[in-house]
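**Q** The whole structure should be built from the sequences, with the hints applied where relevant.
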Amino acid sequence: MKIKSNKQFWWRLNHLKRNGGEITVTDRTPEMDVKDFNRIELLVNKRVRWEIGSKGMEIWNACGYKDIPTLAKAYGIK
Numbered sequence: 000m001k002i003k004s005n006k007q008f009w010w011r012l013n014h015l016k017r018n019g020g021e022i023t024v025t026d027r028t029p030e031m032d033v034k035d036f037n038r039i040e041l042l043v044n045k046r047v048r049w050e051i052g053s054k055g056m057e058i059w060n061a062c063g064y065k066d067i068p069t070l071a072k073a074y075g076i077k
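Residue 77, in numbering that gives the first Met the number 0, is where the sequence shown stops; the numbers in between run on with no holes.
Because the hints were derived from the structure by calculation, they are not lab data.
Among the hints, erroneous ones may be present.
Said to hold, decoys possible - Each computed DSSO-like pair below joins lysine-lysine, with the alpha-carbon atoms no more than 27 Å apart:
{"no.": "1", "residue 1": "Lys34", "residue 2": "Lys45"}
{"no.": "2", "residue 1": "Lys77", "residue 2": "Lys65"}
{"no.": "3", "residue 1": "Lys65", "residue 2": "Lys1"}
{"no.": "4", "residue 1": "Lys1", "residue 2": "Lys54"}
{"no.": "5", "residue 1": "Lys65", "residue 2": "Lys54"}
{"no.": "6", "residue 1": "Lys72", "residue 2": "Lys34"}
{"no.": "7", "residue 1": "Lys77", "residue 2": "Lys34"}
{"no.": "8", "residue 1": "Lys45", "residue 2": "Lys77"}
{"no.": "9", "residue 1": "Lys45", "residue 2": "Lys65"}
{"no.": "10", "residue 1": "Lys72", "residue 2": "Lys45"}
{"no.": "11", "residue 1": "Lys3", "residue 2": "Lys72"}
{"no.": "12", "residue 1": "Lys1", "residue 2": "Lys16"}
{"no.": "13", "residue 1": "Lys3", "residue 2": "Lys16"}
{"no.": "14", "residue 1": "Lys6", "residue 2": "Lys16"}
{"no.": "15", "residue 1": "Lys1", "residue 2": "Lys72"}
{"no.": "16", "residue 1": "Lys3", "residue 2": "Lys77"}
{"no.": "17", "residue 1": "Lys34", "residue 2": "Lys1"}
{"no.": "18", "residue 1": "Lys34", "residue 2": "Lys65"}
{"no.": "19", "residue 1": "Lys3", "residue 2": "Lys65"}
{"no.": "20", "residue 1": "Lys3", "residue 2": "Lys34"}
{"no.": "21", "residue 1": "Lys72", "residue 2": "Lys54"}
{"no.": "22", "residue 1": "Lys34", "residue 2": "Lys6"}
{"no.": "23", "residue 1": "Lys1", "residue 2": "Lys77"}
{"no.": "24", "residue 1": "Lys45", "residue 2": "Lys1"}
{"no.": "25", "residue 1": "Lys3", "residue 2": "Lys45"}
To be verified - Label pairs and their computed distance ranges (CB to CB):
{"no.": "26", "residue 1": "Tyr64", "residue 2": "Ser4", "range": "18 to 26 Å"}
{"no.": "27", "residue 1": "Arg11", "residue 2": "Asp66", "range": "20 to 28 Å"}
{"no.": "28", "residue 1": "Asn13", "residue 2": "Trp49", "range": "34 to 42 Å"}
{"no.": "29", "residue 1": "Ala61", "residue 2": "Arg17", "range": "29 to 37 Å"}
{"no.": "30", "residue 1": "Thr69", "residue 2": "Trp49", "range": "14 to 22 Å"}
{"no.": "31", "residue 1": "Val24", "residue 2": "Lys54", "range": "34 to 42 Å"}
All residues carry an ideal CB built from backbone N, CA and C; glycine is no exception.
**A** Right, here's the structure in full:
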């Protein structure tokens with residue numbers, strides 16, 4: 000789940016607290032700036048969609064974790 004705003008983050012956090020979710024604070028920010036990472040991720044997804052088409056993209060999205068920085072290097076995206 001991608002958090003798109005502060006309002007969504009705080010709503011989700013409070014929702015989890017109310018429903019008994021266990022909250023662990025960790026710093027999982029990637030080395031790159033989050034804004035830059037999102038830009039690169041969008042460009043990689045666009046390139047993959049162009050290469051494998053929309054049917055292949057559905058399968059690719061269902062496969063789980065993607066190593067976006069490595070794919071960006073392979074495609075020459077900076």
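**Q** With reference to the structure, classify each hint as holding or not holding.
**A** Verification of the supplied hints:
1. Lys34 with Lys45: Distance ~17 Å between Lys34 and Lys45 Cα, so the pair holds.
2. Lys77 with Lys65: 17 Å, holds
3. Lys65 with Lys1: 15 Å, holds
4. Lys1 with Lys54: The hint holds at about 23 Å.
5. Lys65 with Lys54: 17 Å, holds
6. Lys72 with Lys34: 18 Å, holds
7. Lys77 with Lys34: The given pair, whose Cα atoms are some 13 Å apart, holds under the 27 Å limit.
8. Lys45 with Lys77: 14 Å, holds
9. Lys45 with Lys65: 14 Å, holds
10. Lys72 with Lys45: 15 Å, holds
11. Lys3 with Lys72: 26 Å, holds
12. Lys1 with Lys16: 19 Å, holds
13. Lys3 with Lys16: 20 Å, holds
14. Lys6 with Lys16: The given pair, whose Cα atoms are some 15 Å apart, holds under the 27 Å limit.
15. Lys1 with Lys72: Satisfied, since the Cα-Cα distance of roughly 23 Å is no more than 27 Å.
16. Lys3 with Lys77: 23 Å, holds
17. Lys34 with Lys1: With a Cα-Cα distance of about 12 Å, the restraint between Lys34 and Lys1 holds, given a limit of 27 Å.
18. Lys34 with Lys65: This hinted pair holds, its Cα atoms lying about 18 Å apart.
19. Lys3 with Lys65: 20 Å, holds
20. Lys3 with Lys34: Status holds; Cα separation ~11 Å.
21. Lys72 with Lys54: 24 Å, holds
22. Lys34 with Lys6: This hinted pair holds, its Cα atoms lying about 18 Å apart.
23. Lys1 with Lys77: 22 Å, holds
24. Lys45 with Lys1: Answer holds: Lys45 to Lys1 is near 18 Å, not above 27 Å.
25. Lys3 with Lys45: 20 Å, holds
26. Tyr64 with Ser4: 18 to 26 Å: 24 Å, holds
27. Arg11 with Asp66: 20 to 28 Å: 26 Å, holds
28. Asn13 with Trp49: 34 to 42 Å: 40 Å, holds
29. Ala61 with Arg17: 29 to 37 Å: This hint holds: roughly 31 Å between Cβ atoms.
30. Thr69 with Trp49: 14 to 22 Å: 18 Å, holds
31. Val24 with Lys54: 34 to 42 Å: Roughly 40 Å apart at Cβ, these two residues keep to the hinted range, so it holds.
Going down the numbered hints, you'll see the structure goes against none, and every one checks out.
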